[in-house]
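K.L.:
Read top to bottom, the protein sequences are chains A and B.
Be aware that the first sequence starts at 1, since it is given in the working numbering, and climbs by one per residue.
Be aware that the second sequence starts at 1001, since it is given in the working numbering, and climbs by one per residue.
Zero decoy hints are in this set.
Sample of chain A residues lacking proximity to chain B, with all beta carbon distances greater than 12 Å (derived): (1) P116; (2) S130; (3) H143.
The calculated label-pair distances, taken between Cβ atoms and stated as ranges, are: (4) S87/A to Y1076/B: 28 to 38 Å; (5) G8/A to R1052/B: 39 to 49 Å; (6) P146/A to D1070/B: 17 to 27 Å; (7) G1153/B to D128/A: 27 to 37 Å; (8) S80/A to Q1154/B: 48 to 58 Å; (9) T1119/B to P111/A: 14 to 24 Å; (10) G1136/B to Y72/A: 26 to 36 Å; (11) T1079/B to D128/A: 37 to 47 Å; (12) L42/A to A1084/B: 25 to 35 Å.
Keep in mind the hints are simulated off the structure, nothing from the lab.
Just so you know, even glycine gets a beta-carbon here, dropped at the ideal spot from N, CA and C.
Spelled out from the first residue to the last, the chains are:
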Amino acid sequence: MKVHNENGQALVLALAFLMFAGLSVGTLLFLGGTSVMSSSQLRYQRSTVYAADGATDAAIQLALNNPELGAYGDPRCQASNPGTLASPIMLTSTATTDDHTVANVVCTWSPYPLDPDRTITFTTFSGDGSSPVIQATVQFHDHWSPVTAQVQTWEYCGHGTSC
Amino acid sequence: MTGGDMAPIRELRGEEGFSLPELLVTIVIVGITFVAILSGLMTTIAVSASHRTQATTDSVARSAAEWVKDNTQTPYRTTCGGPAMYQDKLDNMPRPPQYTATIQTIQYWDGASAPATGTYTLSPTSPSHILQACSGADKGLQWITIKASSPDGQTSETVQVIKRQIP
Chain A
1 MKVHNENGQA LVLALAFLMF AGLSVGTLLF LGGTSVMSSS QLRYQRSTVY AADGATDAAI
61 QLALNNPELG AYGDPRCQAS NPGTLASPIM LTSTATTDDH TVANVVCTWS PYPLDPDRTI
121 TFTTFSGDGS SPVIQATVQF HDHWSPVTAQ VQTWEYCGHG TSC
Chain B
1001 MTGGDMAPIR ELRGEEGFSL PELLVTIVIV GITFVAILSG LMTTIAVSAS HRTQATTDSV
1061 ARSAAEWVKD NTQTPYRTTC GGPAMYQDKL DNMPRPPQYT ATIQTIQYWD GASAPATGTY
1121 TLSPTSPSHI LQACSGADKG LQWITIKASS PDGQTSETVQ VIKRQIP
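Let the hints inform the model, and build the full structure from the sequences given.
P.N.:
In structure tokens, the structure reads:
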């Protein structure tokens, strides 16, 4: 008789309500946290891309002013495009923003030893260097005066593009 | 009143006596729960508003960076004129009302050659080939720091870009 009466039903209802409310508040706070995390991730991505962009531009300008840089067999460059960051590293840039993003540029020397022009591929890494951010192929017209740089390809890696 | 009638009355009184503490406990629990829900909602609303401002500021910073890098909107200038050199162009950039984008600094490449071996280091911190002022003529690379701010000034984003002279 005592087991089947209605004593304590209000408490059971309150506990059920408490559980429901706890789940609701938990979900709301989780959503808020996710939003903040996505914002932080977006900021990191922005810093990474702009650092890589700038470092690649700087590498092009440096190669423009140094005609030996990236020529066939240049020890500052590599024979083929690296999949991960590896020495020799041609150029390193460090931002002075709060995150101090570092970008490293690796160059691949010109594959044609008899060509008067240099065709250099710049692969730029940022963060831990596990994967490239930008890969650009640039032709330097060394037999022109003044020497000019013509960007042939400029790819952002990881957006459906395997560099 | 007979003995047979007393039992239901006692049982009814017993049920009434137990429901009072139950109700009190229930009211307390429901009250606490409502306070928790309300504070959770308020926190979510505050976080959402803050995130919206942050996202908009970030968007303005990105747009400003693209605007300054773009040689069509902002042609490369070799006058070594400091932040004012591009600020007039940046002021033409469309943006949400009252959000600001300002060029904080422009630093200049020294034009030094690459070493025969080793890595060429580029950074405004010494020694790094980036100077506070032009060394003679502009060498074709500028390190530009742009700051975007929200209308209340509470949120700001700083972005650095390198602008290359394209003939």
